[in-house]
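K.L.:
The primary structure of each chain is shown beneath.
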Amino acid sequence: MPVLEIKNLHAKVAGTDKLILKGVDLVMEKGQIHAIMGKNGSGKSTLCQVIAGRETYEVTEGDIIFNGQSILEMSPEERAREGVFLAFQYPVEIPGVSTSYFLKAAVNSIRKHRGEPELDAVQFIKLVKEKQKMLGIQESFMNRAVNEGFSGGEKKRNEVFQLAVINPLLGLLDETDSGLDIDALKVVAEGINKLHEQDAERSWLVVTHYQRLLNYIVPDVVHVMIDGRIVKTGDKALALELEEKGYDWVERESLAGV
Amino acid sequence: MTQLADITGDRMTTPEPSWFEIVRDNARQQHQKVGLPTGKEEQWRFTQIGPVLRTSFSLAGDSDPQELATQNTFGNQALVELVFVNGRFVPELSKTNHTIRGLTVGTLVEASANGHESLIRAHLGKYASIDRHPFACLNTAHLTDGAYVHIARSTTVSAPIHLLFVTVGEEQPVACHPRVLVVCEDQVQATLVESYVGAGSRYLTNTVTEMICGNDCTIDHCKLQQESEDGFHTAVMQVEIGQQTQFVSHAISIGAKISRNDLGVKLAGRGAYATLNGLVLIQGQQHCDNHTLLDHAAPDCPSHELYKHVLMDRASAVFKGQIHVHQVAQKTNAKQSSKSLLLSDQASMNSMPALEIYADDVKCTHGSTTGPIEEDLIFYLRSRGVGLEAARHLLTYAFAADITRRIRVEPVRRRVEDYMAAQHGLPQDLRINDLGAFDDDVIR
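Top to bottom, those sequences are chains A and B. Per the numbering used here, numbering of the first sequence is gapless, rising by one per residue and ending at 258. Per the numbering used here, numbering of the second sequence is gapless, rising by one per residue and ending at 444.
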């Protein structure tokens, strides 16, 4: 059974006629890494947000089957509790709320949903320390307000750290590489690779504009998205081809109906 | 309301200074001439003062609100604690013993009898203008006693001085008029907290605080207003600070049906630095109006102001932030910001900056935002599995925590944080104890 199956997905900006996704089809098997590449405005970030349940978008046609069930009618928090995790392109800052409190609330709401006992403070700290050690993250992180005053790199690392603690079935990485210098990019990619090695069941959907992230995170499948549709699918060689030749040739191919 | 209560002075154990009568008389004459605002004046345009004006108050009598006083005491966290009930000092509930040389804390009348009369006479009523502030005038017309704090040169007072004012309503509406005078000489470090609590039916607490600080002082002031839901609260606080003095104010408004604060700070010496932070947390049909004035009367003075409002139900609030830069006040650097969270469609906010600048080399900025919780923030939390309601509560807490975490007076910070946590059904382990993220630059 695929972990994620997207069928003819159409979505628009809620309350408008602005259609952004115009029939997306995608199938991901468990444990796979898929990359979606495309120019700005092609709809790849929207796809991530729609999968995560953002209500600023309205699905007008098609379906999203996650882990065997349609999630279209689910709220964002229900999807998260079922195992969808979105690592944001622009993580928000929440002054006044510590990362520690925030993450504990998240973990426990998910455990409750799964019928597992909630973690107490000691168990939670143990979990956090284990993940921090694995990702090489400083402990002071936890006592700081969520993302407040963090650099771009710190915010993205915090997203990966949150993912590690929450332990989802599917990680959606929305332009995780944007705004990172090469060193920060490496650190973030290493974290994702460690998580991938550690749990072969988890799947990843990596959305990116540039090929450079894919030097560090090697995808099983690469999709190209143009104007709200996936127009080409291939293996990692496709990413290199895009890097070399740009997107125009795919666009021409797709218009020519190849 | 407009009638003045008789001041008999028969309750006094120590006779009041003879000149109190002159101060009262002046205020009575001014009050009879001008009266209270009708609500049509520019300064009162957005405050529904009507219910206060229509109520006929008599002067509050004695009461024994032991429980309220004990609930709100700072205990060991205060160095000195003066408790006033319905405007009268209650020694049995107060803690006055301390060993700090240079610190005098007591009542105006007692201190006058013990060598401070000329100082008190020099300062009392000199800052809170009875011409500018009709409620300060009403307060002054009822002057009998009040709290007095004097801190001599080079004195450091490490623990907070707490002034707790308890008002207890009676069957008929009552009014009380607390009065505070604080005089700090040069190089003083101190923390002063004023708390206002109340119980019972309709009453008015009409308070005046005057604070004068010399040069090179570091003064932290907190005001925590938690009047009862039927109470009215009007307050005038006027502060004057000297060269290089740092003054930080945190004004928290939680209670009262209608409240109005007029907070004025005069930066009177070169390099004086004022920070005014405010937090308004109101619900139901509560109304809260904050008028602040930063009076830049000397060069090289920075001022920072951040007022945040959390408005639920049909609550309404006003923020008017006046910045007056005198011609001599070159290199003024004033930043003002007002941010409001509207948690219901019926809540309303009026935010008005008012800048008057007469110097040419200054930097003044102001900004104001009003709206519901940002959708981006809610979605972020929900995407982590936190439910919609919980996310809203958490973000409301976070919005206010931006102010509370800057409060350096632990018992005040804890009270406000606990209040918010309880209001939003959040656990108390939410608070960030580590102030590592504390950012002195209040405006982002």
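I should point out that these hints are in silico values taken from the structure, not numbers from a laboratory. Among these hints, one or two may not hold up.
What the hints assert, rightly or not - Under the rule of at most 30 Å between Cα atoms (straight-line distance), these lysine-lysine pairs were calculated in the DSSO-like manner:
{"#": "1", "chain 1": "B", "residue 1": "Lys95", "chain 2": "A", "residue 2": "Lys155"}
{"#": "2", "chain 1": "A", "residue 1": "Lys133", "chain 2": "A", "residue 2": "Lys155"}
{"#": "3", "chain 1": "A", "residue 1": "Lys112", "chain 2": "A", "residue 2": "Lys126"}
{"#": "4", "chain 1": "B", "residue 1": "Lys33", "chain 2": "A", "residue 2": "Lys155"}
Stated by the list, open to error - Covered stretches of chain A, going by a simulated chain B footprint (3 or more residues, C-beta under 8 Å):
{"#": "5", "stretch": "105 to 112"}
{"#": "6", "stretch": "122 to 133"}
{"#": "7", "stretch": "196 to 205"}
No residue lacks a Cβ here, since even glycine has one placed at the ideal position from N, Cα and C.
K.L.:
Take the hints in turn and mark each one as holding or not.
P.N.:
Hints and how they fare:
no. : hint                   : in the structure
1   : B:Lys95 with A:Lys155  : violated, 49 Å
2   : A:Lys133 with A:Lys155 : holds, 18 Å
3   : A:Lys112 with A:Lys126 : holds, 19 Å
4   : B:Lys33 with A:Lys155  : violated, 62 Å
5   : 105 to 112             : holds (count 5)
6   : 122 to 133             : violated (count 0)
7   : 196 to 205             : violated (count 0)
In this structure, the hints that do not hold are numbers 1, 4, 6 and 7, in rising order.
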